[in-house]
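K.L.:
These are the residues of each chain, in order.
There are 2 protein chains.
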Amino acid sequence: MLNLNSLVQPLLTDLYQITMAYAYWKNRVHEAPAVFDLFFRKNPFDGEFTVCAGLEEAIRFVTNFKFTDSDIAYLRDGLYQTLEAKQAEFETLLQHGLIKKDTEGYQAQAIDGTWHTVEYPQAPSSVRSVFQDCDPDFFKWLKDVDCSQVKIHAIPEGTLVFPKIPLLTVEGPVAICQLLETTLLNLVNYASLVATNAARFRLAAGPDKLLVEFGLRRAQGPDGALSSSEYCYLGGFDATSNVLAGKLLGMPVRGTHAHSFVSSFMEFEDLPTHDLVGTNGQKYDFVAMVKSIRTALNFTRTNTGELAAFIAYAQSFPNSFLALVDTYDTLHSGVPNFICVAIALLNIGYKPLGIRLDSGDLAYLSKEACHIFKTAFDYYQISGYKPIIMASNDINEETLHSLKQQGHEIDAFGIGTHLVTCQKQPALGCVYKLVEIKQHQRIKLSQEKSKMTIPGQKRAYRLIGKEGYPLLDLMMAAGESEPTPGSKILCRHPFEAAKRAYVIPSQVIPLHHCVWNGHRTYPVVPLGKKRQFVLDQLKLFREDHLRPLNPTPYKISVSDNLYHFLHDLWLEESPIDEIS
Amino acid sequence: MLNLNSLVQPLLTDLYQITMAYAYWKNRVHEAPAVFDLFFRKNPFDGEFTVCAGLEEAIRFVTNFKFTDSDIAYLRDGLYQTLEAKQAEFETLLQHGLIKKDTEGYQAQAIDGTWHTVEYPQAPSSVRSVFQDCDPDFFKWLKDVDCSQVKIHAIPEGTLVFPKIPLLTVEGPVAICQLLETTLLNLVNYASLVATNAARFRLAAGPDKLLVEFGLRRAQGPDGALSSSEYCYLGGFDATSNVLAGKLLGMPVRGTHAHSFVSSFMEFEDLPTHDLVGTNGQKYDFVAMVKSIRTALNFTRTNTGELAAFIAYAQSFPNSFLALVDTYDTLHSGVPNFICVAIALLNIGYKPLGIRLDSGDLAYLSKEACHIFKTAFDYYQISGYKPIIMASNDINEETLHSLKQQGHEIDAFGIGTHLVTCQKQPALGCVYKLVEIKQHQRIKLSQEKSKMTIPGQKRAYRLIGKEGYPLLDLMMAAGESEPTPGSKILCRHPFEAAKRAYVIPSQVIPLHHCVWNGHRTYPVVPLGKKRQFVLDQLKLFREDHLRPLNPTPYKISVSDNLYHFLHDLWLEESPIDEIS
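These protein sequences, in sequence, are chains A and B.
Residue numbers are given in numbering that gives the first Met the number 0: position 96 of the first sequence equals residue 95, and the series is strictly consecutive.
Residue numbers are given in numbering that gives the first Met the number 0: position 410 of the second sequence equals residue 409, and the series is strictly consecutive.
Watch out, some of these pointers could steer you wrong.
No distinction is drawn between identical chains; accordingly, a pair holds when it is met within one copy or between any pair of copies.
Restricting the straight-line Cα-Cα distance to at most 27 Å, the calculated cross-link-like pairs of lysine-lysine (DSS-like) are [stated by the list, open to error]:
hint, residue 1, residue 2
1, LYS528, LYS100
2, LYS528, LYS99
3, LYS423, LYS41
4, LYS450, LYS423
5, LYS25, LYS139
6, LYS450, LYS437
7, LYS350, LYS25
8, LYS65, LYS437
9, LYS538, LYS423
10, LYS282, LYS139
11, LYS450, LYS366
12, LYS142, LYS65
13, LYS385, LYS282
Bear in mind the hints are in silico, worked out from the structure with no lab data behind them.
Let's have the full structure, built from the sequences with the hints guiding it.
P.N.:
What follows is the structure in C-alpha cells.
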C-alpha cells in the first residue's frame, strides 16, 4: 500500500508513550503480554450512531512501524535538526541577502529589520532530552521494535458502531502496544468523526442529492484536508473539490469557477474570440448568439463583465458549463446571464450543467431561479431540459433539514467548513485502555463512571432480529462460545443489574476480524466499497436510531459471564473508605 | 528550508482553480497582471483579535510550486494510481493469502469473507477527466508554471491582525495567482485560528502558568496534529506532547505516563528490583523506604498496584518524577502514594516534579492535594519544596477563567481537544479575492455587505498613539505616501461615511513586507522568536481589545483617497434595478 502521509511514523506520538516504554523496559516488564481496547464513550453530534473509519491507515502505520536512526538520535541526545538541513537553510538566506557577511562575521536580519550576528551552523541543534540519564541499552531495544509480535482485531471500516465496543483491540508486548496508542487514536478519531458527520449530512439531504465536499481551505492543514476528503466520501458524499484526493484516492472531483473569475472580466472586449464550435463541428459566432438571446429576453441590464466571464467559461468547457451566479446580483444578473449562455449552448448541441448559488436565501433563490428558467425556456420552446441548481455557503446539517421543510429546487450541495471541521462536535474522543496484562484482566476505575473500562479481551456480535433489523450488540469474553441464530442468550447492561433481556437472534454478525497478526491478515477494501457499505447500513438500521432529533439509543450489552466478572473486579479494585 | 509535509503540492487545491486556469489560458488572459488579497472578515471566538500564522509554510509552498508529470497525467487523462503501485499492492495481498489463484484465475476476499474474481492490474486506473476535451497545449503551459513571476507582500507571522486587512497580497499572472489560492488558504486559515486560540488560553491562564499542548490524538489527522503543535507554541504555549513536533521543529516536549501504566502494575512483586541509586551514588532499598514512609503516614489503604507503578516510574525517571494520581481515587490513593514515593526520592537527593490530575473537580482536588502535601511534609519536616500540580481533562478557555475565579493550586495545564479543534469556532474563514486585474481595481459586491471586498492593491500601517498603544490600522492604496509620525491623517471607516477621525500617530509601523519576489525576500524567523513576538504584542495592545467578555473592537480604517475610490467603484458596479 502507498503510505500517503510521510508524517505517519512512530514519533508521531505523545512523549509519555516513550517514557512509559522506557519504564516498562527498565522494570523488565516490557515483554509482558497485554491487551488494549480502542473505543469511544459517546456517539458524536447528539446522535446515536458512529461510522467507524481509519482502519486502513492504522494497518499501514503498523506495517511501517520502525524507529529510524535519526529518531533515536533525537530521543537519546535531543538532536532535532541535521547539520545539512541547517546549513542548506543558511546558504539560501545568504544567497538572497537576508544573511550578510561583514568584518564582524555573519549577520542576519531580524523581524524588525535590525541585523544581528549569527554563527554559521556548526553542529546539530539539541535540546535537553528527558532520556539523557537513561540506560542507553533501551535505545538498542527501541531500534529493533516492530509489530511482528502484535495482533489486532478490528471492526471493518464503514460499520455503524456504538459506545464501549472496541473498534480495535491490540494484543502484544505491553511496551510495543503502548507505543502505538497515540498514532492509532489520531488515525481513527478524526476519520470516524468526519465519516459520521458525512453520513448525517447524507441522511439530511436524502439519497438523491449530489453532495460535494468543499472543505480543503478550512481543514486543519494539508493532511486534515486529505483525511476530510477521503472520509466524507466514505461516509456517503459523492465527490470532493480536492484534486490531490482525486489523484491519490481515485475519488470523483468536481469544480467549476469562483467569483474571482467573474470579476476578472469587465466587458465583451475581454474575449479574444467570439467563436465556439458546436457539437456538429460547425463554427458559430457564439457571442452574437448570446447577445441576441439577451436582447430577446430583455436581460440587457445584467452585468456585462459577468456575462463575458460566463461566455469565456462556456467557450472553455462547453460540455460542463456551470455558472456561479451571485457575484453581482443573483436574480437580476447572474441567473439571466446564465440563461443567455445556456440557451446559446443548447442551440449548438451542448447540454449546460446549471448554476451555483453561494449567498442569500438558498430556498427562495432556487425557486425564483426556476421561475426565471421556465419563463425563458418557454419563450424559446425548450422542453425536457432543467439546469441543476447547486448551493453552497456555510451549509450545515440543520440547514439541510430546514431547506427540506421549506421546499426548494436545489439538486446538489457543496459543503465545506461545517462538514470538515465538525462544527457541532469537533472531536470524537476515542480512548485506548489497558484491559489485560499477563493474563490478568484490568479495569480503570474513575470518579466519573462513564470513564470506566470493561476489562479483558472481548469479542462483539451484532444480533439481528426476525424483522431484519439489528437488535443490539453483545460483548463476550474472548473465550466464550459465539451466540448462535435461533438460540436464546441473556444480554445485560454492563453497569445496571436490572437492565437485561433474553434475545433470540435470527442472525449473528461477528463484528471483530483479525486484521493484523505480525503481518496483514485483512484485505484492502476499495474506498468505493466501504462507501457503499455505509449507505447500505443506513438503510439496515431502524430509522429511530438514526433520526436527528431525540434518536433512540441502540443497545450495547455484555454476556452474563462478562457482567459478573466485571462487577467482581470493580469491587476488588475499589478502595474501601473509612469514615469517622 | 525543509518541506515538512509532502502533501503540500500544487494539486492540493480545489479543482475549480485548475478549470479557471484553463479558462484564463483558453481566453488568452492567463498572463494578465492581477492582485489577490487573502484576508478574513471577522475575528474568531467572539474576540477582537487574531494572531496571524502560516506564512513560513506559504513561502515554502510557493518556493516548491511545480506540477509533476504524474500531476499532468492525472489532470489530462484521469490516471490516478501508477501501475507499479497497483501491482505492488496486489503482490502484498497475494503474499498474505488475501488474494489467491485457482483454476478460474485470481480471487480476492471481500469484506464479508466471500471470494470474487479479480484481474491482475494491467494498466493504470483512470476516471473521466473534466479536461478530456481541452486543448492539450494547456498542459505544456501548466508543466512550466512556477512562481518566478509572482510577488507577495505579507504581514509577519505572530502579528496581531484584524478583519479586512490582507494577511497576504499576491501579485502576478492571473492564472498563476489563481492556482495558489486554495493551498494558501489551507496553510493560513487553521494556523492563524489555532495560534489565536492558544493566545487566548495564554491570556486566560496568566503569564506564569506552564501550558502544554496535548492535542495529537484529537486533531484532524497526522498533519492537523503537527500544525496544532507548531502554532499553539507560536501562540504562547510552552511545550507539546507531540514528539515529532519536537524533532522537526525543535520545540520543548513534555510527558510522563498514562493510566495504562498504572493499571499494568498489580503488586510490589511486579517490581524486578527494589533498589535505586541516590544522587550521592549510593544504592538504597527504595521500596523499603517507600513502605516505611507509607506506614508512618498511615497511608496503608491506598491501591498497592498504583504505588508499585509510581515506584517503577520513579526508578526509571528519578529526576523527573510526575505521577498521574486519578487511576483509582485521587485523594485516597493517588496523592498519598505520590507523597510516599516523593519523600523517598527527596531523602536520596532527587527533586520529584509533582502530580497530574485528570478527572474530577480540579480546583477542589488541587487545594485538597496541597493540604495533604503540607501535613505529610510537616511530619517529615520538609520545607522549601512544593510539588507542581498539573491539570488536564477537557480544559477550555472558560474552564481557565472559572478556575481563576474559584481559586486553585494548579501550576500547569495540559490542554488537548478544545485547544486544537478550536471547539468555539472551528474555522477562521479566510478568503482570497481578486482586487485588481490589468491595472483595473475590482470589487466583489454581495447581497451580504460583510462579504464585500476593498478593491486595489493596498498597504496597511499600524498607527501608535502617544501612550504607546496601537490606535488603529490604516489601509492605503499602494501608491499613496506612507503616514508619518507627528503628522495628522484622516482615517475613515471603509463603509460608513460618518465614521472618521484625524489621527496624529507617534509611531507608524508598516504591516506589509515583501516576502517573495520571484524568490524568497524575507528571512526565516525562528519559531521561538515568533512566539515571543506574540507574547510581546499581548502586552502592547490595550487590554479591553483582548478581554474575553465584550471586548472593544480595534479600529480598521482606510485613507480618504481609498474611501472615495471604493465608493465610486461600488456604485459603478451595482446594477440599478427597475421597479414597476
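K.L.:
Are the hints correct? Go through all of them and say.
P.N.:
Taking the hints in turn, this is what the structure says about them:
1. LYS528 with LYS100: Classified as between; 22 Å across copies, 61 Å inside a copy.
2. LYS528 with LYS99: Result: close only across copies, 20 Å inter versus 58 Å intra.
3. LYS423 with LYS41: both (14 Å within a copy, 20 Å between copies)
4. LYS450 with LYS423: Answer is both; intra-copy 22 Å and inter-copy 24 Å each pass.
5. LYS25 with LYS139: Within one copy, since 13 Å is at most 27 Å while 60 Å is not.
6. LYS450 with LYS437: This pair counts as within: shortest intra-copy Cα distance 23 Å, inter-copy 62 Å.
7. LYS350 with LYS25: Classified as between; 20 Å across copies, 71 Å inside a copy.
8. LYS65 with LYS437: Answer is within; shortest intra-copy Cα gap is 25 Å, inter-copy 54 Å.
9. LYS538 with LYS423: within (24 Å within a copy, 33 Å between copies)
10. LYS282 with LYS139: Between copies only: 26 Å across, 74 Å inside.
11. LYS450 with LYS366: Intra 50 Å, inter 23 Å, cutoff 27 Å: inter-copy only.
12. LYS142 with LYS65: within (7 Å within a copy, 37 Å between copies)
13. LYS385 with LYS282: Within. Shortest intra-copy distance 26 Å satisfies the 27 Å Cα cut-off; inter-copy 86 Å does not.
Violated hints for the displayed structure: none, as all numbered hints are satisfied.
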